[in-house]
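Number of protein chains: 4
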Amino acid sequence: MINVGIAGASGYTGVELVKLISNHPKAKLCAVTSNSYKGKSLTDIFPSMRGFDNLICEDLDIKSLSQRIDIIFLALPHKVSMEHVPTLLEHKIKVIDLSADYRFADAKAYESAYQTHTSKHLLQKSVYGLSEIYRDRIKASNLVGNPGCYPTSILLPLLPLLKEGLVRPDDIISDSKSGVSGAGRSLSPSTHFCEANESFNAYKVGNHRHTPEINEILSIHSQQEISITFVPHLLPLTRGMLSTIYVRATNGTSENDIRKTYQSYYGDEPFVRILDKDTYPAISHVKGTNCCDIGFYFNQKTKQIIIVSVIDNLLKGAAGQAVQNMNILFGLTDETGLNSVQGPL
Amino acid sequence: MINVGIAGASGYTGVELVKLISNHPKAKLCAVTSNSYKGKSLTDIFPSMRGFDNLICEDLDIKSLSQRIDIIFLALPHKVSMEHVPTLLEHKIKVIDLSADYRFADAKAYESAYQTHTSKHLLQKSVYGLSEIYRDRIKASNLVGNPGCYPTSILLPLLPLLKEGLVRPDDIISDSKSGVSGAGRSLSPSTHFCEANESFNAYKVGNHRHTPEINEILSIHSQQEISITFVPHLLPLTRGMLSTIYVRATNGTSENDIRKTYQSYYGDEPFVRILDKDTYPAISHVKGTNCCDIGFYFNQKTKQIIIVSVIDNLLKGAAGQAVQNMNILFGLTDETGLNSVQGPL
Amino acid sequence: MINVGIAGASGYTGVELVKLISNHPKAKLCAVTSNSYKGKSLTDIFPSMRGFDNLICEDLDIKSLSQRIDIIFLALPHKVSMEHVPTLLEHKIKVIDLSADYRFADAKAYESAYQTHTSKHLLQKSVYGLSEIYRDRIKASNLVGNPGCYPTSILLPLLPLLKEGLVRPDDIISDSKSGVSGAGRSLSPSTHFCEANESFNAYKVGNHRHTPEINEILSIHSQQEISITFVPHLLPLTRGMLSTIYVRATNGTSENDIRKTYQSYYGDEPFVRILDKDTYPAISHVKGTNCCDIGFYFNQKTKQIIIVSVIDNLLKGAAGQAVQNMNILFGLTDETGLNSVQGPL
Amino acid sequence: MINVGIAGASGYTGVELVKLISNHPKAKLCAVTSNSYKGKSLTDIFPSMRGFDNLICEDLDIKSLSQRIDIIFLALPHKVSMEHVPTLLEHKIKVIDLSADYRFADAKAYESAYQTHTSKHLLQKSVYGLSEIYRDRIKASNLVGNPGCYPTSILLPLLPLLKEGLVRPDDIISDSKSGVSGAGRSLSPSTHFCEANESFNAYKVGNHRHTPEINEILSIHSQQEISITFVPHLLPLTRGMLSTIYVRATNGTSENDIRKTYQSYYGDEPFVRILDKDTYPAISHVKGTNCCDIGFYFNQKTKQIIIVSVIDNLLKGAAGQAVQNMNILFGLTDETGLNSVQGPL
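Chains as they are written, first to last, in numbering that gives the first Met the number 0: chain A, 0 to 344; chain B, 0 to 344; chain C, 0 to 344; chain D, 0 to 344.
Derived from the structure by calculation, the hints contain no laboratory data.
Be careful, since some hints might not be right.
Which copy? The list can't say, so a pair holds if one copy fits it or any two copies do.
[Said to hold, decoys possible] Heads up, simulated BS3-like pairs for lysine-lysine below, C-alpha to C-alpha not over 25 Å straight-line:
(1) 203 - 124
(2) 302 - 27
(3) 37 - 276
(4) 91 - 203
(5) 203 - 259
(6) 39 - 276
(7) 124 - 276
(8) 39 - 203
(9) 302 - 203
Model the full structure from these sequences, guided by the hints.
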């Protein structure tokens, strides 16, 4: 049994982690922390979370936690994670950090989008937790920087094509759309029901902080500097994310090459599904699951490729992938605790 | 292992049953039938249902089924169920019928709301599948008439108070509100997105077919003819149901009597939760679960009791309670396969 | 031309008033005030409000306003209204107050639900602005206490029946449901998109502040103390309100009596429509209009009457009725500026 | 007074036309036709349309209509329009056709996307009703092919930049998102509430019929063959459309050039608004209006331009622009009947 702690358990990502770990056959939830709800049980905070009356939110006291847990998920804001990670590792607690703090190899890229990094040396040790791509490195790691939701929805479909040289690296656009839960539980005018409901808009056009994260990973895998065009939008729904990605095939690339490459990368993957020709995914197809569904269109004449990918932003885009990474770290199959069947509604 | 068949697997209730049985540790899904999608796999019909490529919708051929299954769930329209149930029982297949056909003890009550009953003799053998109330009879039965969603949300809170004489039987009102999935997958103007979205209305005022079902059960337990006032409404959301019930306490009834009675009936029940004073449930608290949450207000001066109950109409109101009944029938604990933790979103 | 000021123009009710007055053929919007957005134009605050670049939010400086306006709408929180109304009247500015401060005749009733009233003497002069019922008094008044949204949806259908003795005054229940805009523009957990979306709940069961307002008006018109049972609920939609009202007919009352009474009260009213037998209103039928649609069911045997009424909570429930009252005050027909046709979407 | 007929008045576009013409100060609604509801009044069909009890849906009998109307709006399916237009013109009835039948100059382009055109000679006489761009030709025309919703949202922002040579014609992508009302009132699985709600998807990737319409107009204005990449998506909301358009600036183009060009084309236009730098529109900013709001981002380094445009698909994308075209045809200012103020909700 893996003994698990969750820091920041009262946020939307934290509570998804609580749900997944509670339903996990090989993990035991031993501790939860919350700044805002210290001393309260999860059932107090979330009436839907029945049976958690004895799971009381505590302070993030690492010494105390180290007696009880093998691994901690940090569902904390960036910068706050950094304050705890070095000490957690010293206490031999494995860390899966869902903030941006350990996603970057290049501290400068991190610092350009966030703030001064206070434990740069750990960036070399941390692994980017895109499970299907970095599985081998995750296995051997003590510190996983869990990917952002937008990057996950974009990198999973793009990386195989880029690595195999099937698409041009200089003309990549992702038009991405996220449900409101991506903005978290904090109150803000843009997440007020009356403002988000029956509306839709682009935001942070040209300067969303997930852009450098995507660029770094794409650049590493294509061995050249890549700069994608990324525009996020806010959907009037709670969970789910869809990215429509526009790329150009390199000379000689055929539709079949693309399909075969996807098959070779993801044919055995439980959580990535490549759809048949002329079939495209909807958010409802993956809501409540850890899956990423990918459909694509290839225009033979213009060499344009249009890829549509969907994930549940709280699962494959956050808590689900984090648990998948825990499974990998502890030598379990990826699906452990993540394979319950989800219906259409 | 319980070998299970599901008839009508391509409707919203049918597919919820598929989901629950697939996630159930003691049951195996052996056959699914569908009129509209014969020959298609569930994955073809519902892209979210991955891994069901080999589960092909077949005809409801009882002889063939009898070789393979111990129990069948009928997620069929009323009248269609009746055509199959006698033969299913002859072939020693246990039946949990989610239509209205075997919910009534009194054929006349059934016929006044539906149509001529073609197997009246079975009404004496069938058990009304309100699990918490009829558990003992369900255990011994081969035919369960699974309750309607509205009746479940109304009877669970009302029956204990009526049976113990705490409320007056002559003045009961239930103002009930259901999500759109209650209307099923068939297309109709009232379930067109643009009509239901951003709207809300009462329907079938004074003559909804669930009224005689509720009245029969209430009457049996209070040993007098009861006629409730029931008004259903359509909520602009997919899953969930809330009933606000207005009753009058009998002389001498105190708030404490009500709370103690609920405690005595439901204190050990895994799926019914009585909320603390001044606390009321929301649909989001039970969505995705088999639970019924109940809060109540007692006006000492006027003797008015206001009860608010919520369920997920597709689970405790249909497929979830059906699986709970299967568990009871086969001697499993009620929670088997139904106790996964659900988060707030 | 009526010169109009609007105080609190940046709230949802305030901005609806801006919209209505701007579209009004006989009124001119001369001043808007806002605490939070002083110095900003309405177009700055609400990008949808184009053409208001020169309408700058100012302080509520009564002396300055008195040079420019004949009437002011106060879309302010209760208590704040009270601080300004006496001075406004001294400066000969007519007042339509949308807070609760001048809705009550009985200061004690007000004070039990809100706080100490600081201008009790004005309660005798103020008129309750339920336009169809108090039209004559509104005409002659300088101070209108504009009704709450819930009270409007309940009083319009109930008052004619109570005044004519058709229903029993001792057993009145209103189960009411409001869209989220009723909670205003201020941020709160219950109006966060992810919390309200796909959910539904009752709130303030047994103690909502609109209850004494409803009771006072009902009591005045039935010449006895009335205490209704009122339960508000929060709908996952932006605009609209539906009340389902349960009352008992007095002996001898027939369905025809009810219909004739409604006809006599509302047959000539432009904004109240009584629906045909077996027809019930939906929120979508009145959204964007100043109308109240009423359908009813009469159970001859039990004498139960079920009334369903719908309004747009921001229009007939607030800004629309306020403008209707302005029209009455200035001798215009009620419909002036309020009769644009609204489609089904 | 302009005497107006509306054919297909019971669809969502038709009923919006009814609303606009009814609220129009210079037009009179004289006749409505409907296949499905012949003999019924609009109030019967749409309870929200009060006061239309005497407006009875009739057959499209051109001879009879020609006695009563000056102009007809055809809110009919493509192909059906074609069957009536030649005769309508013979009877001297001006036509604004909201189907695709008269949007194309090139019959072959039409026929590749739709079907055989039966009155090709009229394609030379018909004018494409993109009001701001074709105003002069519309003035002199008797037959307007009213643009599709997607084309309107894409062409308004693109045409000025293409005509002035500021963007490259060979690399244009529009990622467009529409509310469900765009799919009309007919029932279909994809517009069932439970399917569309809480979901989002791309559809007709690579082959939507609006693509050739967009291409033809772009090609005419850039004097070369243009083939855009266009991907439509379905939003879980009723009204509104947003297009995110990705283009490349030509050498030497500056951000200021773009802004000045927009200013020169649209600075005096009442219904097109160019937003300030770093500001992007939301669907809620134009819902209920005939406006198109446009924001853009210019990446100096990469020459990428990202344009975000929003319209109400039923107004500027259909009925609103049609009425604007009627105004132009009859020498009225564009805003007549279209300039009522709309609030944020």
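Status of the hints after comparison with the structure:
1. 203 - 124: neither (31 Å within a copy, 45 Å between copies)
2. 302 - 27: neither (50 Å within a copy, 47 Å between copies)
3. 37 - 276: Between copies only: 23 Å across chains, 51 Å inside a chain, cut-off 25 Å.
4. 91 - 203: This pair counts as neither: shortest intra-copy Cα distance 39 Å, inter-copy 49 Å.
5. 203 - 259: Between. Shortest inter-copy distance 24 Å satisfies the 25 Å Cα cut-off; intra-copy 35 Å does not.
6. 39 - 276: between (51 Å within a copy, 18 Å between copies)
7. 124 - 276: neither (40 Å within a copy, 41 Å between copies)
8. 39 - 203: between (36 Å within a copy, 23 Å between copies)
9. 302 - 203: between (29 Å within a copy, 18 Å between copies)
Hint violations for this structure: numbers 1, 2, 4 and 7, all remaining hints satisfied.
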